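Participant: Chains as they are written, first to last, in UniProt numbering: chain V, 1 to 339; chain Y, 1 to 339; chain G, 1 to 339; chain X, 1 to 339.
Treat the hints as calculated values from the structure; they're not laboratory data.
Model, not experiment: these values are computed from the prediction.
All the given hints hold, so there is nothing to weed out.
Think about it this way: if two alpha-carbon atoms lie no more than 30 Å apart in a straight line, the pair counts; the simulated BS3-like pairs of lysine-lysine are:
1) 323(G) / 89(V)
2) 63(V) / 6(X)
3) 75(Y) / 201(Y)
Listing some non-contacts, in silico: residues in chain G with all C-beta distances to chain Y over 10 Å:
4) 57
5) 58
6) 119
7) 176
The beta carbon of each residue, even a glycine, is placed where N, CA and C say it ideally should be.
4 protein chains.
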Amino acid sequence: MITVLKSGTTVEQRDNLIEWFEDQGLKVHVSVGDTYTILGLVGDTSHIDVDMVNMLDIVDSVKRVSEPFKKANRKFHPEDTVIDVNGVKIGGGHFVTIAGPCSVENEKQIVEVAKRVKAAGADMLRGGAFKPRTSPYAFQGLKAEGIELLLEAKKVTGLPIVTEIMNEAYLDLYEDVDVIQVGARNMQNFDLLKALGEIDKPILLKRGLANTLEELLMSAEYIMAGGNEKVILCERGIRTFEPATRNTYDLSAVPALHEMTHLPVIGDPSHATGKRNFVKPMALATAAAGADGVMIEVHNDPSRAFSDGAQSLTPDQFDDVMKSLRAVRSTVFGGEVQA
Amino acid sequence: MITVLKSGTTVEQRDNLIEWFEDQGLKVHVSVGDTYTILGLVGDTSHIDVDMVNMLDIVDSVKRVSEPFKKANRKFHPEDTVIDVNGVKIGGGHFVTIAGPCSVENEKQIVEVAKRVKAAGADMLRGGAFKPRTSPYAFQGLKAEGIELLLEAKKVTGLPIVTEIMNEAYLDLYEDVDVIQVGARNMQNFDLLKALGEIDKPILLKRGLANTLEELLMSAEYIMAGGNEKVILCERGIRTFEPATRNTYDLSAVPALHEMTHLPVIGDPSHATGKRNFVKPMALATAAAGADGVMIEVHNDPSRAFSDGAQSLTPDQFDDVMKSLRAVRSTVFGGEVQA
Amino acid sequence: MITVLKSGTTVEQRDNLIEWFEDQGLKVHVSVGDTYTILGLVGDTSHIDVDMVNMLDIVDSVKRVSEPFKKANRKFHPEDTVIDVNGVKIGGGHFVTIAGPCSVENEKQIVEVAKRVKAAGADMLRGGAFKPRTSPYAFQGLKAEGIELLLEAKKVTGLPIVTEIMNEAYLDLYEDVDVIQVGARNMQNFDLLKALGEIDKPILLKRGLANTLEELLMSAEYIMAGGNEKVILCERGIRTFEPATRNTYDLSAVPALHEMTHLPVIGDPSHATGKRNFVKPMALATAAAGADGVMIEVHNDPSRAFSDGAQSLTPDQFDDVMKSLRAVRSTVFGGEVQA
Amino acid sequence: MITVLKSGTTVEQRDNLIEWFEDQGLKVHVSVGDTYTILGLVGDTSHIDVDMVNMLDIVDSVKRVSEPFKKANRKFHPEDTVIDVNGVKIGGGHFVTIAGPCSVENEKQIVEVAKRVKAAGADMLRGGAFKPRTSPYAFQGLKAEGIELLLEAKKVTGLPIVTEIMNEAYLDLYEDVDVIQVGARNMQNFDLLKALGEIDKPILLKRGLANTLEELLMSAEYIMAGGNEKVILCERGIRTFEPATRNTYDLSAVPALHEMTHLPVIGDPSHATGKRNFVKPMALATAAAGADGVMIEVHNDPSRAFSDGAQSLTPDQFDDVMKSLRAVRSTVFGGEVQA
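Turn these sequences into a full structure, and let the hints guide you.
Facilitator: Have a look at this one:
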């Protein structure tokens with residue numbers, strides 16, 4: 001951390017501040033410039049309130065040198081993390097495709113879609129049982145029954161399942177769920193993250209609508225600090241001024257996160273774009289960008305979908321995407337896409 | 001709701017869709033143009049999934065005509081809502097000032113600040129007991145003890161108290177809290193909103209970092225749909241590209257919300273700007289813009305604040321702001337600021 | 001165009017407005033709802049000031065049905081536009097790679113880079129002679145001399161050249177330039193666009209920092225309305241809150257634009273990400289997304305680059321990207337990348 | 001400027017870099033930490049390409065300590081700048097109101113509006129002769145004739161005039177214009193800024209749609225570097241995700257700019273909000289925030305306005321705003337609003 005002192009700061013004021021830093025267990029190096037004096041702080045500064053130091057009269061600015069996230073930081077864990085989900089690996093060269101409908105609607109729907117996506121080569125099945133809806137009047141999901149149906153589809157196909165949790169009060173329902181998803185609107189639901197940090201199960205953490213990559217990693221840090229290091233990150237579009245797509249798919253988050261963290265990173269072009277016609281090109285782009293996986297919405301009859309029908313692919317369209325996805329992944333990174 | 005059909009749509013396709021709409025209980029008016037055909041839908045369209053209709057092959061676009069929020073909508077409730085908080089009124093011409101520290105730290109601190117802000121004319125006391133911190137390593141608040149201390153300060157000064165809830169699991173601790181605050185990061189924590197909709201207590205709902213005013217009103221709708229109509233809205237800055245301020249204070253949200261809703265609207269220039277020097281000008285601007293109140297952070301010793309010291313005013317600075325605030329409010333709207 | 005009238009509008013008021021619309025040469029269809037009355041307008045509404053109608057007391061809202069751009073609109077020109085640049089085709093299945101340094105610095109530099117990128121398979125050479133610099137104290141480009149040096153490199157390698165124009169006053173210097181680039185900051189320099197609309201030369205139009213895709217197409221419309229229909233669009237990143245990349249590369253602009261317009265669309269991952277390590281993954285993603293081309297910055301000695309060294313690839317790195325680029329393009333779309 | 005070197009940097013690599021900095025005329029202080037080594041650079045670093053240094057293998061990050069703008073910087077010019085426009089002062093306690101229609105349409109309109117706003121107390125008259133229109137098919141302004149009409153209104157009322165320039169090629173038409181306005185879309189039209197830097201006339205520089213305050217000041221720096229120090233800054237709304245207002249009025253730019261620069265700062269709530277009903281509250285807020293002035297659109301018959309009728313006030317509404325504006329300004333800052 002660097003603290004820049006304003007010109008006009010007296011030696012006494014500077015020394016008082018240096019003493020305060022030393023009381024915090026830090027070592028201080030002084031660099032006197034023409035206009036400013038710079039204090040280089042050495043030691044564990046993660047608990048220092050940057051804003052607090054910034055407001056002192058003699059301080060011009062404070063800048064962190066090391067990132068505030070540690071467990072998620074690649075600097076402290078250079079190897080890619082590989083997460084094993086019931087035999088399906090993700091990360092470190094292993095690419096996964098997660099597919100399924102936005103909402104679980106009934107047994108026939110979820111089992112049919114599960115079979116089709118499995119046949120096409122998907123690695124995991126997704127489906128929403130608890131749905132976050134902006135309107136209190138919209139379909140909120142089948143809840144506990146929805147999870148039961150997903151488990152049914154898992155029994156039939158063998159596909160591991162991924163489904164969203166809205167509230168840690170329901171954690172016991174997720175016993176047999178393979179990957180628990182934290183939705184974009186819950187990325188900073190700190191109590192939920194803490195609860196998920198205490199269990200031993202992979203968590204799929206979606207980036208918030210307007211959260212920076214650093215904030216995403218701090219949320220991952222919340223989970224990891226609790227003891228659960230199996231975190232998969234997901235870019236699903238951020239909020240910007242552009243209305244032509246539902247969100248703006250920030251695909252450069254993939255190489256950016258790969259540089260900052262060792263955790264696997266996947267993309268969700270369905271929720272990001274919100275438009276069926278954009279899903280295939282963006283799914284292929286996601287694979288070409290080096291992501292560790294992609295999540296795609298598939299529904300056997302999108303016109304009758306209870307939610308997000310506009311972005312769902314039909315099973316035939318998904319078959320088509322999978323063929324190209326394998327080819328692109330293979331071309332760029334060699335090897336085969338698993339399953 | 002308007003559904004625009006693409007050119008090339010056959011009469012048969014159009015009639016099938018009209019039939020589907022009629023099955024939903026809607027009446028359909030047809031308007032045939034040079035390039036497009038427009039279907040005007042009449043009736044309760046709030047449950048129609050706009051995205052679903054939008055994806056049909058023959059549909060070019062769908063546009064809602066009425067807003068999706070009803071209870072919060074001024075069109076259905078033209079009179080300003082006035083909320084009574086233990087004798088202190090807010091809304092409909094009654095302007096309130098809520099002041100206090102970001103975090104409750106100890107009894108001496110909270111009682112001292114409470115006395116000072118009361119003397120200066122504040123109407124309510126705020127203080128954080130449960131703190132949402134981006135980092136798992138930062139001070140998380142005194143929690144239950146924090147609420148106890150706030151109640152202590154209330155006993156001493158008579159000021160009603162406002163404090164944030166992070167999780168509905170702790171609702172019973174808020175029995176004697178006068179106004180329960182929902183933080184920006186929880187604006188779309190739908191389970192929390194539903195729980196707050198079932199109690200009879202004023203809720204201060206903060207706008208999310210990147211949520212539209214319509215989404216803010218849909219979150220208010222969640223609370224009101226549960227039966228609790230005492231919702232106060234708060235603009236606290238939105239996330240943009242500008243780094244000179246912590247957030248971008250969207251003050252035009254005040255007149256915009258006053259047009260859309262009957263609920264009271266206040267502003268929080270402390271969290272919005274993040275800089276002490278900007279709080280006074282923006283607080284005065286908030287009053288001049290016609291807000292129903294303002295929330296300001298005050299700490300008796302900001303350099304030792306556990307959080308957000310950079311934006312906190314000292315009690316002396318707060319005294320100064322209050323004088324000007326009364327004068328501005330009086331000049332623009334006549335009458336006196338209460339208390 | 002749809003005009004929605006507020007409830008409470010009298011028959012007389014409605015009829016006055018209908019008469020006004022008819023005077024504008026439009027036909028009006030009336031749809032009476034429970035709360036609102038909707039007027040469907042048929043005819044050429046492109047000159048109607050939407051804001052003006054919107055402000056009338058009886059009007060609740062106005063919504064356009066057709067897009068304001070015509071010449072650029074795929075609805076009126078379903079076939080992909082293919083632009084021929086001195087024998088190099090772009091669009092309609094023809095993918096191009098444009099490469100070169102940010103700034104032209106001296107003859108040795110530009111000729112060396114030109115030879116290397118040509119050998120690697122680039123189709124066109126880029127280089128800045130007139131540089132838009134945020135600071136008046138930074139290197140502003142070699143200007144006329146810079147263009148001379150580019151022409152020298154063209155003579156040596158045969159590569160068509162692309163270079164930016166800042167001001168139409170200098171148009172005559174661009175006689176032998178093959179593609180004239182309009183930079184992001186000039187996307188709405190309407191006088192410049194009008195001047196470029198009057199010449200017969202391909203224009204590479206970069207999307208502005210915070211311009212919507214519709215605004216980009218309206219700027220293309222300015223050029224095309226002047227008579228010059230050879231416009232190539234370029235996504236180069238938009239401004240958002242995320243600091244990890246220089247801009248946010250909005251790659252879904254590629255499929256979105258392909259749907260809206262017939263003009264070719266390329267991507268610039270160098271300026272978008274601002275970081276060398278992100279250029280390769282995003283260049284491959286650009287090809288996988290179906291873009292008609294990609295523009296990449298290459299410098300023979302980035303550490304000594306006069307501008308944007310941080311995002312420039314070395315010639316060796318560019319060779320590596322080109323191999324993968326061809327493979328991805330081939331995998332996704334079949335055929336060979338030209339040259 | 002601080003350069004942070006990665007752990008693992010050898011002494012030799014570090015010393016090579018230190019030598020390079022010293023060759024640039026800088027002094028270097030070394031601060032060795034646990035993980036990082038920090039080089040504090042002392043001297044004139046304004047010409048160093050931060051991005052270039054940032055890309056060196058051994059460099060982790062580079063952070064500027066001093067701002068890149070000098071002439072506009074309050075640190076080098078602590079006194080407020082007061083600009084005299086034909087006897088009307090702006091800045092340093094002098095508040096001005098600039099009013100008039102969006103476009104100059106005909107003599108009757110501009111003279112009538114000029115008389116009305118003068119009577120209400122406006123200090124200067126605005127009106128657009130050259131209009132920047134997003135669509136090539138929309139009214140582009142009366143151009144030279146428009147300026148003539150403004151001069152006519154000036155003769156009749158004595159009000160100094162403010163009007164926008166789109167292109168330096170037309171500078172000679174602005175001989176008798178009192179303040180030349182640079183529109184938001186031209187804030188980074190560097191050739192235009194350079195040309196305006198060479199004349200002796202006040203310039204009203206509008207912030208770009210998505211430009212940071214630092215970029216706004218760098219554009220002011222372009223003008224000042226040319227020799228013209230009479231620059232007035234204007235906040236007119238920035239582009240965000242919120243659709244309820246035309247732009248998001250970033251009013252905290254007023255105190256933020258007052259801290260960063262000595263130049264006067266005004267606000268334009270008409271273009272910022274785009275809605276007539278929001279202009280009065282935001283104009284009052286602008287005065288309360290301490291701005292040096294406000295610019296308001298007024299039209300004698302908004303329903304027939306050629307552009308932006310939706311945000312224009314009628315003369316009667318303007319009279320009403322002026323009364324409150326004086327009162328607010330007086331309350332907050334004492335003294336009288338001039339004229």
